[in-house]
Amino acid sequence: MPTAGLVTPSLETVLSSIEAASSADAINVESNIQYLISLLKRRQVRNSRACAIATAHLLSLVVSKYQVTNITGLIERVQEVGQRLTSAQPKELAVGNIVRRVLGVIRDEAEEDREGEESLYSEVRDEDAQSATPEEKIQSSSPSTSNPLRHDTINSKDLPTNVQNTKDGQLVQPRSLVSSQSSIAAGTSQPLLKSMFNLLSHPASNASSPSATPGTQSPRASSSRPMGDLVDVSAAKDLRAEVVEAIDEIIEELNTADDQIAGYALDHIHSNEIVLTHTASVTVQKFLLRAAAKRKFTVIHAETFPNDHENVHATVTGSVKASSNNSGTDRFHKSLVAAGITVILIPDSAVFALMSRVNKVVLGTHAVLANGSLVAAAGSKSIAQAASMHKTPVIVLSAVYKLSPVYPFSVDTFIEFGDTTKIISNDETDLLHQAEVENPLYDYVPSQLIDLYITNLGGHAPSYLYRIVLDHYRPEDTEPPHQETT
Amino acid sequence: MPVAAIEALILLLSHSPTSTISETLSLLSHYTNILKASVANPIALSAGTDLFQRYLISTLQPPQPTNKPERKGSRARQGDGTDDFQAIRHHLISNGRLFVARAKEARSQIANIARNFIREDTTVLTYGSSRVVGAVLAAALKACTNFKLVYVCNSSTSSTELPSTIPKPSPDLPIAVIPPSAVAHAMSHISMVMLGAEGVVENGGIISGLGTYQIGVLAKAAGKPVYVCTESHKFVRMFPLSQEDVGGEVLRFSEGGAGERGSETKKDESQVDYTPPELITALITESGVHTPSAVSEELIKIWY
Chain Y
1 MPTAGLVTPS
11 LETVLSSIEA
21 ASSADAINVE
31 SNIQYLISLL
41 KRRQVRNSRA
51 CAIATAHLLS
61 LVVSKYQVTN
71 ITGLIERVQE
81 VGQRLTSAQP
91 KELAVGNIVR
101 RVLGVIRDEA
111 EEDREGEESL
121 YSEVRDEDAQ
131 SATPEEKIQS
141 SSPSTSNPLR
151 HDTINSKDLP
161 TNVQNTKDGQ
171 LVQPRSLVSS
181 QSSIAAGTSQ
191 PLLKSMFNLL
201 SHPASNASSP
211 SATPGTQSPR
221 ASSSRPMGDL
231 VDVSAAKDLR
241 AEVVEAIDEI
251 IEELNTADDQ
261 IAGYALDHIH
271 SNEIVLTHTA
281 SVTVQKFLLR
291 AAAKRKFTVI
301 HAETFPNDHE
311 NVHATVTGSV
321 KASSNNSGTD
331 RFHKSLVAAG
341 ITVILIPDSA
351 VFALMSRVNK
361 VVLGTHAVLA
371 NGSLVAAAGS
381 KSIAQAASMH
391 KTPVIVLSAV
401 YKLSPVYPFS
411 VDTFIEFGDT
421 TKIISNDETD
431 LLHQAEVENP
441 LYDYVPSQLI
451 DLYITNLGGH
461 APSYLYRIVL
471 DHYRPEDTEP
481 PHQETT
Chain H
487 MPVAAIEALI
497 LLLSHSPTST
507 ISETLSLLSH
517 YTNILKASVA
527 NPIALSAGTD
537 LFQRYLISTL
547 QPPQPTNKPE
557 RKGSRARQGD
567 GTDDFQAIRH
577 HLISNGRLFV
587 ARAKEARSQI
597 ANIARNFIRE
607 DTTVLTYGSS
617 RVVGAVLAAA
627 LKACTNFKLV
637 YVCNSSTSST
647 ELPSTIPKPS
657 PDLPIAVIPP
667 SAVAHAMSHI
677 SMVMLGAEGV
687 VENGGIISGL
697 GTYQIGVLAK
707 AAGKPVYVCT
717 ESHKFVRMFP
727 LSQEDVGGEV
737 LRFSEGGAGE
747 RGSETKKDES
757 QVDYTPPELI
767 TALITESGVH
777 TPSAVSEELI
787 KIWY
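Residue numbers (our numbering), protein chains in the order written: chain Y, 1 to 486; chain H, 487 to 790.
Think of the hints as simulated: they come from the structure by calculation, not from any bench. Glycine included, C-beta positions come from ideal geometry on N, C-alpha and C. Check before you lean on any hint, since a few could be wrong.
What the hints assert, rightly or not - DMTMM-like cross-link-like pairs, simulated, lysine to aspartate or glutamate; straight-line CA separation at most 20 Å:
(1) Y:Lys-422 / Y:Asp-308
(2) H:Lys-710 / H:Glu-764
(3) Y:Lys-422 / Y:Glu-310
(4) Y:Lys-391 / H:Glu-764
(5) Y:Lys-91 / Y:Glu-80
(6) H:Lys-710 / Y:Glu-80
As the list claims (entries may be wrong) - If we take Cβ atoms under 7 Å as the criterion, some of the chain H residues that face chain Y in the derived model are:
(7) Phe-603
(8) Arg-723
(9) Val-775
(10) Thr-777
(11) Ser-779
(12) Ala-780
(13) Ser-782
The whole structure should be built from the sequences, with the hints applied where relevant.
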């Protein structure tokens, strides 16, 4: 637990308590989980990056402290923790994204381990080859097509060729391959089942129950047995260390995402351009600063009243605001003005009027959804619509951790409402008696209003995002919920 | 339709004695052509037959040549081939029913996902007699969501007849039936359009009953989302560039003469049109919700 003292709980306190716990024993894991859950509920850890970093560190702690005997157990543990975290704050999509990334990492590591072991088994089972039936021969040729919905083509494509090299068509191994593939990922038979093409070739492996998701169902233990059998305890311990290492890579990605995005700045910002932006987004500021090092351009900055205007003023004028929401590294970057760029601060109402003179719009976002649309700071939608009217390109800067595989069935579920006193103070009782005041913090911006996403992996069209989702998240973890709560 | 085609082909396989791969494949392609020729619009059919053919070709590969001496060298290569083949044939036939059952299961999975789009107090517009859409509506009804349905009837049939796939009107589900000419007028009252498809083409567009394109255009103009519910086995490798590519002659000009008129007015109910991907908001398949641009990904998975 953090040391007593008058420190406002925030990302720093979470991280320090997790660090303290990682050197201690396993009992502290639960208290750390509780601590993060309470901070999420109270919105003292807010914004995508802070939540993502906190979640990643916590999951790293959970994995390293978990007494692993098999992989399914680890997956279940992470799913359970993940579900608690996401239900603490369903509007912070970054939490769910990181949980799914970690689950994907665990499944990947498990598959790599299994692949290593299978090649050991193949020599052992040579003499059983004669009794193999053609049934298995079918199954041996179909593993190459049997993982249509999984994009770790490294594993799925390699396995059949590995198998084919050791023997000719008749193989016993495919049976275990197929069953292990079907039991991989706590019941991946749901994805196998989904390709109709597969239905004609995999009747047996499709019989298992639907797979588990972090958000909804509890995982099924029935399909876990074969996986548990195949993995040694010693392999499992290595797995844990590998998973922790992979989570560290995710944390590294989170920390360097802004700099990687800024690396693309010179491709998109040219001399004498007029760029429009809003909110005091650190990502956007770093992006523009990188361009400012080599080019001279003008920035029109909409002040984003009432939720962010103080931060915007501070950012534009260059005075550092001691806000607890910023992590330490964010505070010390130059302002654009200091870098020699002309910055024009405008009220939000002037956006449409000035849009005809703007060359491009650069926006940050809170979250990106699977269909390419955004949950961004309030005001983004009007800016994007004004830009689309004038055919001005809209560029959104967003690292991949903000990309959620969730499909927005209803846009209202993602909009968070904030403090109404920022609009009307509580003194104005006459008005408050007669009017309902709302202060939405986010806007839903549909994908057709956006022209380009710049992520830490490069620039992409909104229609391409489904591919990035497939590359980073496993389908077993991204299944849509069966029960939607409004 | 694709499921029926595959069922028919599997039945054919079980009744025709074949002993080699090429015999099977040529038999299959012969009957596939007969099937395609017998239907006015073979697109949905070809989805099923192409899938089946693709599956057969990939599983009936001749066995790999081996150079390992310790392999069972005494068994004749031909004997190997025939035994394997008979076993495959048997396996295929026994899978036929399973495939159909899975296809139906796909429908209920789609219903489970798609019903989340139907929220409280929404009005859904639908057209055609897709069983998938019927399942979605039934699932939403079962979840006690209060919504309304606007059904666009086909003007060639009786105007008040609801197809059997759509749930009956009830206090839980008020249904309005409108002719296609009223769709533009009704657009302002609806929240979304939900459609089925006979086929999904490579660029994410759909082939569906004549009139679907019209509804898509009107929905786009009114800013309403269009959701297409379809199983993944309806994905075809086609890339139409215009309505003409989808076949069927819609415009039949008459140049006078009473006798001609009589024969021209036969309304072909199996006419289809092509709805381009820009008009579609999302495709709901059993593997989740996809944007039209993700369809090519699914096709690659099936075909390569």
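Here is what the structure says about each hint:
1. Y:Lys-422 / Y:Asp-308: With a Cα-Cα distance of about 10 Å, the restraint between Lys-422 of chain Y and Asp-308 of chain Y holds, given a limit of 20 Å.
2. H:Lys-710 / H:Glu-764: Within the cut-off at roughly 13 Å; holds.
3. Y:Lys-422 / Y:Glu-310: holds (12 Å)
4. Y:Lys-391 / H:Glu-764: holds (18 Å)
5. Y:Lys-91 / Y:Glu-80: holds (18 Å)
6. H:Lys-710 / Y:Glu-80: violated (38 Å)
7. Phe-603: Holds - the Cβ of Phe-603 of chain H comes within 7 Å of chain Y, reaching about 6 Å at its closest.
8. Arg-723: The hint is violated - Arg-723 of chain H has no Cβ within 7 Å of chain Y, the shortest such distance being about 13 Å.
9. Val-775: holds (4 Å)
10. Thr-777: holds (5 Å)
11. Ser-779: Holds, about 4 Å.
12. Ala-780: holds (4 Å)
13. Ser-782: At about 10 Å, which exceeds the 7 Å cut-off, the nearest Cβ of chain Y leaves the hint on Ser-782 of chain H violated.
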